[in-house]
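Next come the chains, spelled out residue by residue.
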Amino acid sequence: MSDHTTLEAQIDQWRAYLQRRQAVVSADVDELEDHLRGQIADLTAGGLDDDEAFLVAVKRMGGLDAVSREFAREHSDRLWKQLVLVPGEPGARTWWRDLAVLLAFALGAGLAIKILVAATADEMVMVRNAAFVVLPFLAGWFAWKRRPAPVVAAVVVTVAAVLALAVNLYPFVPAGEGDPGMTAVLAATHAPVVLWLLVGVFYAGGAWRSHPRRMDFVRFTGELAVYLALIALGGGLLIGLTFGVLSLVEVDFEAALSGWVLPFAMPGALLVAAWLVEAKKSVVENIAPVLTRVFTPLTIVMLAAMFVVLLVGGPLTAVDRELLILMDAVLVLVLALLLYSISARDPHARPGVFDWVQLVLVGAALAVDAVALTAMVTRIAEFGLTANKTAALGLNLVLLAHLVWAARLGLGFVRGRQPFAAVERWQTAYLPAYGAWAAVVVLLFPPLFGFA
Amino acid sequence: MRIDKDLVAASATPLVLGILAGGDLHGYAIVKRVAELSDGRMQWTDGMLYPLLHRLERLGYVEATWGTSEAGRRRKHYSLTTAGREALAERQAQWGVVSDALRQVWQDVRTGPQALRPAEGWA
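Those protein sequences? They're chains Z and B, same order as listed.
The opening residue of the first sequence carries number 1 in UniProt numbering; numbering runs sequentially from there.
The opening residue of the second sequence carries number 1 in UniProt numbering; numbering runs sequentially from there.
These aren't lab readings, by the way, just hints derived from the structure by calculation.
Keep in mind that the hints are not guaranteed to be accurate.
[Claimed, not checked] In silico DSSO-like cross-links for lysine-lysine, where the CA-CA straight-line distance does not exceed 27 Å:
no., chain 1, residue 1, chain 2, residue 2
1, B, K76, Z, K59
2, B, K32, B, K5
3, B, K32, B, K76
4, Z, K59, B, K5
5, Z, K59, B, K32
[What the hints assert, rightly or not] Interface residues of chain Z toward chain B, partial, derived using beta-carbon atoms under 7 Å:
no., residue
6, E31
7, H35
8, V67
9, E70
10, A104
Given the structure is predicted, the values throughout are model-derived calculations rather than measurements.
For every residue, glycine included, the Cβ atom is placed at its ideal position computed from N, Cα and C.
Working from the sequences, and respecting the hints, build out all of it.
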């Protein structure tokens, strides 16, 4: 038996080189190494020496850049955990250039807010236009980064423009002095949902049909929320400290704060958070999925308590739409917990305890919602539908359909009858339903309910 | 003869599914089997097989289990699932149509000039 130390060293080196690729995890490296060794053994048995066999085997394995890119395509979730850009991908820009462009967009968003505030004194006009003046800059930054097809971009811009025209030109009837009507508030709160999904189209570089890209956008949204909360916390601290010090020397900070700092800081925070989520090069796990692990069991306890209280706690006949709105919030929470743990789950892992816990969570949410819905339907039958009740009820049904089907697929998965891909795909396939519903509320509710 | 890259890519999935229909195998054994079946004329970039296998696993067509090789190393074996068998049948039907159409077209090419001759004579 000859000495194979050189060969072993070469294989080790090859392993280490491969291990540096973010899209290739160590189990894959093991698998590829097994392949390499199999090939080398066959080649040496055929008469080649170690060196030659190693070279031929490595050559047959293919270029590691190309292979790891192929891994990246299949396992985009792994890349997400680490680095967004695949090394060696053409067009990879340097991070500082990215940041400079981003800051320019953030500045633009701040100016747009300033112009909006200068143009009107009506608070409702500001509220319903805030998303329309800020989000285009975020979308613009993604468009600059990802270059979506012009046709897709044109369609997205058109849809956004139609929404903007609707919320601004519909003849909304105020309910009273300083009290906007129901449909005006509904339109103002639902338009940002549609806009956010439109931002998602740019985020996906126009590939809005792609399910992995949609899942990436879900991950992006979750991480963005966490980063934004942290930045807001830090920003609040800075403002508080500045306030404190300036008030000691009796300089009034108030005007500068509301006039200049906030209009630029708020959209700036959004864009910088987006940049951080995009560019973070940490090996840290995403935080949103970690939070779901913590809150899933707690939410189950909360839902169980709600279920008991709703059933025995008192006359549900007195409940109003507030119950529906709260139920919607509960379902959104459950959905977020579900979505973020699915987005971070290793699709190849076998069904485990946490998958059952999640199923219990969804089941409990459905049970609570069923009780609340029954109460609401009897009440609506008695008192009729208003715009608010219809919007809350509609959202409830949209959420319910999502969760019922997710529960069905989840059950199939833990029983081994469905691949995890089916569970995952359903989540991303259903996303446009939310945009469609929100668009209905923005565009059709005002005329349907007489702009009241 | 070098087989066109696109053709190799297109045939990879049905080949892998078909090979696994004959029994569980690990990656290198699949590559060897492909070389055997094509007398070494179909050369894969070996590394590309694994992302493909992982995709098939995600779609539920194959199942992977870790075992050990004769040398005592970790080795991943793949086996076809019921869904994989269905997918294979579907692919077989598709390829049947394609190869049928190709065969007819090539027969026409071969017999074409003769079939045209009377027309030429007529003109």
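Quiz item: Can the restraint linking K32/B and K76/B be considered satisfied, given a maximum Cα separation of 27 Å?
Solution: Holds, at about 16 Å.
Quiz item: Are the Cα positions of K59/Z and K32/B separated by 27 Å at most?
Solution: holds, 16 Å
Self-check item: Restraint status (C-alpha distance of K32/B to K5/B at most 27 Å)
Solution: holds, 18 Å
Self-check item: 27 Å Cα cutoff - pair K76/B, K59/Z
Solution: holds, 22 Å
Self-check item: When the least beta-carbon distance from A104/Z to chain B is tested against 7 Å, hint result
Solution: Interface hint status for A104/Z: violated (38 Å vs cutoff 7 Å).
Quiz item: Does V67/Z meet its interface restraint, that is, does its C-beta lie within less than 7 Å of any C-beta in chain B?
Solution: OK, holds: V67/Z within 7 Å of chain B, min 4 Å.
Quiz prompt | Residue hint H35/Z, partner chain B, criterion CB-CB below 7 Å | solution = holds, 4 Å
Quiz prompt | Hinted contact E70/Z with chain B - closest CB pair below 7 Å | solution = holds, 4 Å
Quiz item: Is it true that the CA of K59/Z sits at most 27 Å from the CA of K5/B?
Solution: holds, 17 Å
Practice problem: Against chain B, run the beta carbon of E31/Z and see if the smallest gap drops under 7 Å. | Solution: holds, 5 Å
Violated hints amount to a single one, hint 10; each of the other numbered hints is respected by the structure.
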